[in-house]
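Assemble the whole structure, with the sequences as input and the hints as a guide.
486 is the number of the first residue of the sequence shown in our numbering; add one for each residue after it.
There may be inaccurate statements among the hints.
No farther apart than 25 Å at their CA atoms in a straight line, the calculated lysine-lysine pairs in the DSS-like style are these [unchecked claim]:
1. 511 - 554
2. 554 - 523
3. 523 - 553
4. 511 - 523
5. 553 - 511
Between beta-carbon pairs, the in silico distance windows are [stated by the list, open to error]:
6. 568 - 538: 32 to 42 Å
7. 527 - 586: 21 to 31 Å
8. 507 - 580: 36 to 46 Å
9. 592 - 570: 17 to 27 Å
10. 544 - 602: 35 to 45 Å
11. 569 - 527: 15 to 25 Å
Bear in mind the hints are in silico, worked out from the structure with no lab data behind them.
Beta carbons: idealized from backbone N, C-alpha and C, even for Gly.
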Amino acid sequence: MKLAKQMKISQKTQRNPQIDPVLFAKALADETRQELMKRLCCCWLSVNDLVEQMEGRVNQPTVSHHLKKLEEAGLVLVRREGRHRYYTLNQEHLTVCCGVLVTTFAPQTINVEEPTRS
Numbered sequence: 486m487k488l489a490k491q492m493k494i495s496q497k498t499q500r501n502p503q504i505d506p507v508l509f510a511k512a513l514a515d516e517t518r519q520e521l522m523k524r525l526c527c528c529w530l531s532v533n534d535l536v537e538q539m540e541g542r543v544n545q546p547t548v549s550h551h552l553k554k555l556e557e558a559g560l561v562l563v564r565r566e567g568r569h570r571y572y573t574l575n576q577e578h579l580t581v582c583c584g585v586l587v588t589t590f591a592p593q594t595i596n597v598e599e600p601t602r603s
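So this is what it looks like as structure tokens:
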């Protein structure tokens, strides 16, 4: 029971937030956030772990800022262990967001024909 309290996943990111294509696109628009998402795929890392992996290219406050933006977009899950926070990519939400982008901006891509040249 004690372990369950320590490893509580943030309720904010556990819920299925409403998909906002603009918020999703803004989150993906930054190269640093893209790199963080790649590093968070399939593992849980702390801010300090990420700073270390970025080999000094990005400092701790900057990593924290970008993680906050990714959390707001629902693209990362957050787990608390005592005073530490660990992050991982929310792959399910990422997949749903990609689907929303396709259905919003290219709903008829399946039967689209190339224009004929005369």
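Going through the hints against the structure:
1. With a C-alpha separation of about 9 Å, the suggested pair residue 511 and residue 554 falls inside the 25 Å cut-off, and the hint holds.
2. Taken as a hint, the residue 554 and residue 523 pair is honoured in the structure, with Cα atoms around 15 Å apart against an allowance of 25 Å.
3. A distance of roughly 16 Å separates the Cα atoms of residue 523 and residue 553; the hinted pair therefore holds under the 25 Å criterion.
4. About 16 Å separates the Cα atoms of residue 511 and residue 523, which keeps this hinted pair within 25 Å; it holds.
5. Restraint check for residue 553 and residue 511: the C-alpha separation of about 13 Å stays at or below 25 Å, so the hint holds.
6. For the pair residue 568 and residue 538, the supplied restraint of 32 to 42 Å is violated, since their beta-carbon distance comes to about 21 Å.
7. For the pair residue 527 and residue 586, the supplied restraint of 21 to 31 Å holds, since their beta-carbon distance comes to about 23 Å.
8. Between residue 507 and residue 580 the beta carbon distance is about 18 Å. The supplied range of 36 to 46 Å is therefore violated.
9. Distance hint check for residue 592 and residue 570: the Cβ-Cβ separation is about 38 Å, which falls outside the suggested range of 17 to 27 Å.
10. A hinted range of 35 to 45 Å is violated for the C-beta pair residue 544 and residue 602, which are about 53 Å apart.
11. Between residue 569 and residue 527 the C-beta distance comes to about 19 Å, which sits within the given range of 15 to 25 Å.
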